[in-house]
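Trainee: Sequence:
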Amino acid sequence: MTIISPSVLSADFSDLKGEIEHLNNSKAEWVHFDVMDGHFVPNLTFGPDILKVFEKHCNKKLDVHIMVSNPMKVVDYFKKNNVYMMTFHVEAVGDNTLIPVIEKCRLNGFKVGISIKPNTRCEELLGILDKVDMVLVMSVEPGFGGQKFMPNSLEKLDWLHEYREEHGLKYLLEIDGGINQETGRQAVKHHCDVLVAGSYIFKHPEGIEAGVESLL
Numbered sequence: 001m002t003i004i005s006p007s008v009l010s011a012d013f014s015d016l017k018g019e020i021e022h023l024n025n026s027k028a029e030w031v032h033f034d035v036m037d038g039h040f041v042p043n044l045t046f047g048p049d050i051l052k053v054f055e056k057h058c059n060k061k062l063d064v065h066i067m068v069s070n071p072m073k074v075v076d077y078f079k080k081n082n083v084y085m086m087t088f089h090v091e092a093v094g095d096n097t098l099i100p101v102i103e104k105c106r107l108n109g110f111k112v113g114i115s116i117k118p119n120t121r122c123e124e125l126l127g128i129l130d131k132v133d134m135v136l137v138m139s140v141e142p143g144f145g146g147q148k149f150m151p152n153s154l155e156k157l158d159w160l161h162e163y164r165e166e167h168g169l170k171y172l173l174e175i176d177g178g179i180n181q182e183t184g185r186q187a188v189k190h191h192c193d194v195l196v197a198g199s200y201i202f203k204h205p206e207g208i209e210a211g212v213e214s215l216l
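Per this note's numbering, residue 1 is the first one in the sequence shown, and the count goes up by one each step.
A couple of the hints might just be wrong.
Lysine-lysine pairs mimicking DSSO-like chemistry, simulated, CA-CA at most 30 Å apart [claimed, not checked]:
#1 K148 / K60
#2 K111 / K131
#3 K131 / K203
#4 K60 / K80
#5 K52 / K189
#6 K73 / K60
#7 K73 / K27
Here are the computed distance ranges between Cβ atoms for each label pair [stated by the list, open to error]:
#8 D130 / G94: 29 to 37 Å
#9 D95 / G146: 12 to 20 Å
#10 V53 / G143: 30 to 38 Å
#11 E206 / E91: 31 to 39 Å
#12 W159 / V53: 17 to 25 Å
#13 G146 / E21: 22 to 30 Å
#14 D158 / N96: 27 to 35 Å
#15 K52 / D12: 16 to 24 Å
#16 E21 / E155: 13 to 21 Å
#17 S14 / R185: 29 to 37 Å
#18 D95 / P151: 29 to 37 Å
#19 E123 / A210: 36 to 44 Å
None of these hints come from the bench; they were simulated from the model. Since this is a predicted model, take the numbers as computed values, not measurements. All residues carry an ideal CB built from backbone N, CA and C; glycine is no exception.
When you get a sec, could you build the whole thing from the sequences and use the hints?
Mentor: See the structure below:
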């Protein structure tokens, strides 16, 4: 079954308790956190203290996506959180630091994801796909919620799926950006395992639970 990971970037933080209750009652398995530093992407969001609230009150696995210029440093900020998946961007690291960041995530007890922006080719991941637990394909330019889905991301899902099959690998495929009922179904048809959706779920006219249900 497809894993749904609601992105709390779109949550109503004036009623965080209520939002978490709705998430807990939903069929989502993960909850997605976009950590932005205002440098790697043009926005600032939240850090480990917000995660502590969800760790304490939310019954979902924490799916953390760090869109930052210094993943090696930022990964350690979350080592005391009960993070399930820690995903960083291949564009944010050089060849000499890519493996060390993966190893640092492992040392902190996290599963490891690697992400690519819309203009980054899948081939940039060759050599590390056997070292990660998930690949996150960005279907919008990272930084802000509510953007329109980029269809070329589906081709990347196909490429990554074929590579996974050919090499007997087990990494999950996640997609983030512009996901709604229609684009979510397209992504699943192209072998996506995890759908990240923010605005669609948290602003769904019938509520968070219904928004999650409609993606399954």
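Trainee: Regarding K52 and D12, is the given constraint of 16 to 24 Å on their beta-carbon distance met?
Mentor: holds, 19 Å
Trainee: Between G146 and E21, is the Cβ distance one that fits in 22 to 30 Å?
Mentor: holds, 24 Å
Trainee: Taking the CB of S14 and the CB of R185, does the distance hold inside 29 to 37 Å?
Mentor: holds, 32 Å
Trainee: When you check the alpha-carbon spacing of K131 and K203, does it fall within 30 Å?
Mentor: violated, 36 Å
Trainee: CB of V53 to CB of G143, is that within 30 to 38 Å?
Mentor: The hinted range 30 to 38 Å is violated for V53 and G143, with Cβ atoms some 23 Å apart.
Trainee: Mind checking the alpha carbons of K52 and K189 for me, to see if they're no more than 30 Å apart?
Mentor: The hint is violated at about 35 Å.
Trainee: Just to be careful, I want the Cα atoms of K73 and K60 compared with a cutoff of 30 Å; is the pair within it?
Mentor: holds, 25 Å
Trainee: K60 and K80: Cα distance at most 30 Å?
Mentor: holds, 17 Å
Trainee: Go ahead and decide if the range 29 to 37 Å is satisfied by the Cβ distance of D130 to G94.
Mentor: violated, 20 Å
Trainee: Kindly confirm whether 13 to 21 Å is satisfied by the beta carbon distance between E21 and E155.
Mentor: violated, 39 Å
Trainee: Between the alpha carbons of K111 and K131, is the straight-line distance 30 Å or under?
Mentor: holds, 10 Å
Trainee: Using the beta carbons of D95 and P151, state whether their distance is inside 29 to 37 Å or not.
Mentor: Holds: the Cβ-Cβ distance is about 31 Å, inside 29 to 37 Å.
Of the numbered hints given earlier, the model fails hints 3, 5, 7, 8, 9, 10, 12, 16; all others are met.
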